[in-house]
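In case you want the letters, here they are:
2 protein chains.
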Amino acid sequence: MTPEQSVVASAVQAWTMNIERADKLFSGLSDERMLTEIAPGKNRLVYLWGHLVAVHDAMLPLLGLGERLHPELDAAFLTGADRTVANLPSAAELKRHWDEVNRRLLAGFGGFTAADWAQKHTVVSAEDFAANPLRNRFAVLLSRTSHVAYHLGQAALAPK
Amino acid sequence: MTPEQSVVASAVQAWTMNIERADKLFSGLSDERMLTEIAPGKNRLVYLWGHLVAVHDAMLPLLGLGERLHPELDAAFLTGADRTVANLPSAAELKRHWDEVNRRLLAGFGGFTAADWAQKHTVVSAEDFAANPLRNRFAVLLSRTSHVAYHLGQAALAPK
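Chains as they are written, first to last, in our numbering: chain G, 28 to 187; chain F, 28 to 187.
Excised from the complex, chain G in its bound form (with noise of 0.2 Å):
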């Protein structure tokens, strides 16, 4: 293994053991257990579920790994706080959005080299990726693995 593949594959594995912390967490909740707030006033189990699904959603386009798989999450979890959807996927819908939209993403990581990593994520032009290299796809990993976490340690605080 050389050092540019022990790199990127210690990240793939930080992604991933993340995202097996949310599934351990998340999946297998009850859907009155979805609705407990993490804090008084503060977001839902369920919307937390249904952001990191959204958010890794959009991670496909902008990742070049192709189209959107569930578009139709953004306006409950993504462009909208908790509570201003009435109507939310059932826990067992959003367990399959999950399962299906972290497939692709892993599938994806798994053909990428550093070099592919190292290019630029599909929303900065190449002029400003020229002036800042660092607005490459292997950034949109990491910082989405970092949000990931963010929200877990919220989770976990959900009173049991």
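A portion of the hints provided could be inaccurate.
[Said to hold, decoys possible] Okay, the calculated bits of chain G under chain F, using three or more residues with CB under 8 Å as the criterion:
1) 53–64
2) 113–125
3) 163–173
[What the hints assert, rightly or not] Label-pair restraints from in silico Cβ distances:
4) G:Met-28 / F:Glu-47: 48 to 54 Å
5) F:Thr-29 / G:Asp-155: 19 to 25 Å
6) F:Ala-108 / G:Ser-152: 44 to 50 Å
7) G:Met-28 / F:Val-112: 41 to 47 Å
Hints listed in this document are in silico derivations from the structure and should not be mistaken for laboratory results. We treat Cβ as the ideally placed atom computed from N, Cα and C, and that holds for glycine.
Fit chain F to the supplied structure of chain G, relying on the hints for placement.
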């Protein structure tokens, strides 16, 4: 910039961004404000910040960057839960330790190439590292970056 340099610089940038967010959130809080619980019955802000300082301090020997600077923080912030030690450092003291530890880490990171990051960290044995080359310094950087994000998500919930 080679792909190898780009991915390494992106990871150091992701670390730095999380450090800056934590600095913005914790620095300048009064000693009284530091005693706010992030949610009813949960850790106080002072514990989260001291915990981050202690965990980052322990990264120095783990990454081969020198001895620990503040092992005296462990009893209050690492080995014990919140409220097990009554006499805590002031917010101003924690800020000094935080700056000192993170400055030392960042100086070390600046000298690491991808080959340095791909080396084993100091706690894994040569045999275990041969069996799993992802037990490297880069994995430590990424896991501690997620760790900051995890507690940042919690600290952001503290009632204003």
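Evaluated hints:
1. 53–64: Since 0 is below three, the answer is violated.
2. 113–125: Not satisfied, violated; 0 residues make the cut.
3. 163–173: It holds, with 7 qualifying residues against the three required.
4. G:Met-28 / F:Glu-47: 48 to 54 Å: The hint (48 to 54 Å, Cβ to Cβ) is violated, given that Met-28 of chain G and Glu-47 of chain F are roughly 32 Å apart.
5. F:Thr-29 / G:Asp-155: 19 to 25 Å: Holds, at about 20 Å.
6. F:Ala-108 / G:Ser-152: 44 to 50 Å: Distance hint for Ala-108 of chain F, Ser-152 of chain G holds at roughly 49 Å.
7. G:Met-28 / F:Val-112: 41 to 47 Å: 43 Å, holds
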